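Those sequence lines, one after another, are chains E and C.
Here the first sequence is numbered in my numbering, starting from 23 and rising by one per residue.
Here the second sequence is numbered in my numbering, starting from 23 and rising by one per residue.
Don't read these hints as lab results, they were simulated from the structure.
Quick caveat: nothing in here was measured; it's all calculated off a predicted structure.
Glycine included, every Cβ here is placed at the ideal spot set by N, Cα and C.
Just to be clear, a hint being listed does not mean it is correct.
Below are the SDA-like pairs computed for lysine to any residue, each with C-alpha atoms no more than 20 Å apart in a straight line [as the list claims (entries may be wrong)]:
| id | chain 1 | residue 1 | chain 2 | residue 2 |
| --- | --- | --- | --- | --- |
| 1 | C | K358 | E | L72 |
| 2 | C | K327 | E | W214 |
| 3 | C | K358 | E | K358 |
| 4 | C | K327 | C | G242 |
| 5 | C | K358 | E | G216 |
| 6 | E | K358 | C | K327 |
| 7 | E | K358 | C | D265 |
So the derived list for chain C, only partly shown, Cβ under 8 Å to chain E, looks like this [to be verified]:
| id | residue |
| --- | --- |
| 8 | V217 |
| 9 | I220 |
| 10 | A223 |
| 11 | H246 |
Computed far set for chain C versus chain E, every beta-carbon distance over 12 Å [to be verified]:
| id | residue |
| --- | --- |
| 12 | W214 |
| 13 | N218 |
| 14 | E231 |
| 15 | H357 |
2 protein chains.
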Amino acid sequence: MDPVQAPVRLDLTTDVVTLTEQLVNIESVSRDEQEIADAVEAALAAYPHLTLTRRGHTIVARTDLGRDERVVIAGHLDTVPVNDNLPARREGGVLHGLGTCDMKGGDAVILRLAATVPEPNRDVTFILYEAEEIEAVHNGLRLLAESDPDLMAADFAILMEPSDALVEAGCQGTLRVDVRTTGERAHSARSWRGVNAIHRAGEVLRRLEGYDARRPVIDGLEYHEGLNAVAVRGGVAGNVVPDECVVEVNFRFAPDRSEAEAEAFVREFFDGFDVALTDSAPGALPGLDRPAARAFAEAVGGPVKPKFGWTDVARFSALGVPAVNFGPGDPMLAHKQEEHVAMEQIERCEQTLRRWLTT
Amino acid sequence: MDPVQAPVRLDLTTDVVTLTEQLVNIESVSRDEQEIADAVEAALAAYPHLTLTRRGHTIVARTDLGRDERVVIAGHLDTVPVNDNLPARREGGVLHGLGTCDMKGGDAVILRLAATVPEPNRDVTFILYEAEEIEAVHNGLRLLAESDPDLMAADFAILMEPSDALVEAGCQGTLRVDVRTTGERAHSARSWRGVNAIHRAGEVLRRLEGYDARRPVIDGLEYHEGLNAVAVRGGVAGNVVPDECVVEVNFRFAPDRSEAEAEAFVREFFDGFDVALTDSAPGALPGLDRPAARAFAEAVGGPVKPKFGWTDVARFSALGVPAVNFGPGDPMLAHKQEEHVAMEQIERCEQTLRRWLTT
């Protein structure tokens, strides 16, 4: 047995890179977030200007200054599984290790702001939540929206997912369908007695190859849809004409389509085939027509980009809260063994948000 | 532990249906043929007109009367796995159970002839062999052809695989290839950065769907080729554009093509794609132009049919020995849980061969 260890203490008065390092070194793979949530809760409890609420391993810290506007700033505490990439390691201006990019740099920014901006110019709800990297049923933000929707109420939300310290607005939706062809089994030595279901799937793939992606411009941002076979399976045995083939298709759709509209598009695209929906999540409109979002984008400066991947901003969008992604780290490095983050990006995100909350 | 049991004794003087039943009730799934081979060897050893040779669990029994002609009559002793279909069960004129059709009815005919035709009009080599239902590396007939090719030498061979008590001549060859498409991985939310290998396989399937089967007539028999995808696999994860897709294709080719010619046809058919041969076995020409084969077909009477499935007749054909399939049982019932055989077919096969060997 391990010796009993003192609880890890986070120092919110230290610099944001050191704090990131401390967070990275508390292993917190999804479903194992007790220790990091305890540490976060204990650290925030030292600041009387914050009202804390805990639900499972999700911590909510709010200011209540009666400001005209309220903003949510949120990040998840969990990571994908360890892959020989702990503890954190500094090299030049870069911090390496699991969670450095996705997304403990963002979490450190949140904790620093919560601790050191006691009188922000807009009320803030800081949310540090569990279980983002696994099935949605465990997602801390989803659970919070169900149990305490008032804690998620805001005029605007910032999700600190890695976005290279730029604003990535909204997100595309995603759905999956199984496109199934059927036939009749036969021994392959007498194949004319059967009907080959895999051959029939050729038309499914032909349509996919001919797919022309829609690229709608929404609030000045060009989204880019995608329709892809992500898996294909079929076959009974090496001497049997197969009677079933399934092509699993993932549709990434721009946020000007609802889930129902996206599903209808896919069903029409595969007209004549058996199409079964297996998974669906709505996109989020960029919301740059909302004053709070536009003001934030202007405060950050630099280009605003569309978010192609699905993120939890959609959960705010579904509650009517415009939301953007803004956090340190290259989103392409998320879930990679070699994930890392430029320290300068973490620092810049903290400075940008501090300025926005104080001037 | 089971009590030590006396070895099973086969009674070769009983009727052929009862003998079939005795053989069926000695469980002999491939690689577990010791008991049945021991019983066969012990039973044949009682007949001094036979010269016995044993190789593994393959038993060879020969007459050596100095006749002008020698014929091989062969059958395998193993079965596919038990599937709640033992012991044998009689119902009306039908015998049910594992191996009744494939092919202990034929084995019983062989044993009856070996025991009761001491002076056949042509010398006979009876072969009862192991491991036909599994990978060819274990096949008793293949091993015998390597270790003792002289024991397989003959003017003609009869393989007693189920053929509804009709002569099925020759057999088609079979080969398998993997047709592989490649692409580039990307996150499916930014799919335009990758190349979808599954989409590229659409053209492979389209060609297969347009395949027009050749049906050559050889020695008066119409064969029927077949080119089929028997499996397809591809996919990395539900959010990844896949970089590889493999279509496993089985080509059943008429015996007027060599293996090399068949492979060349498939490679040309999939021109432009990566094609890897994974498995190949030659066909067997019907050999009805050979006097011994023609005489046998005439003795049996009834229509002669082409054999579409691959059988061990090809092993004789490769040694220059014309060979046909002739045995009791519907070949479509082989490997089915409900396999069975009409008793009348077993009896008729015995009578036909007895007449052919004695008059």
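Verification of the supplied hints:
| no. | hint | result |
| --- | --- | --- |
| 1 | C/K358 with E/L72 | violated (72 Å) |
| 2 | C/K327 with E/W214 | holds (17 Å) |
| 3 | C/K358 with E/K358 | violated (49 Å) |
| 4 | C/K327 with C/G242 | holds (9 Å) |
| 5 | C/K358 with E/G216 | holds (17 Å) |
| 6 | E/K358 with C/K327 | violated (61 Å) |
| 7 | E/K358 with C/D265 | holds (18 Å) |
| 8 | V217 | violated (11 Å) |
| 9 | I220 | holds (4 Å) |
| 10 | A223 | holds (6 Å) |
| 11 | H246 | holds (6 Å) |
| 12 | W214 | violated (6 Å) |
| 13 | N218 | violated (6 Å) |
| 14 | E231 | violated (4 Å) |
| 15 | H357 | violated (9 Å) |
In this structure, the earlier hints numbered 1, 3, 6, 8, 12, 13, 14, 15 are contradicted, and the remaining ones agree with it.
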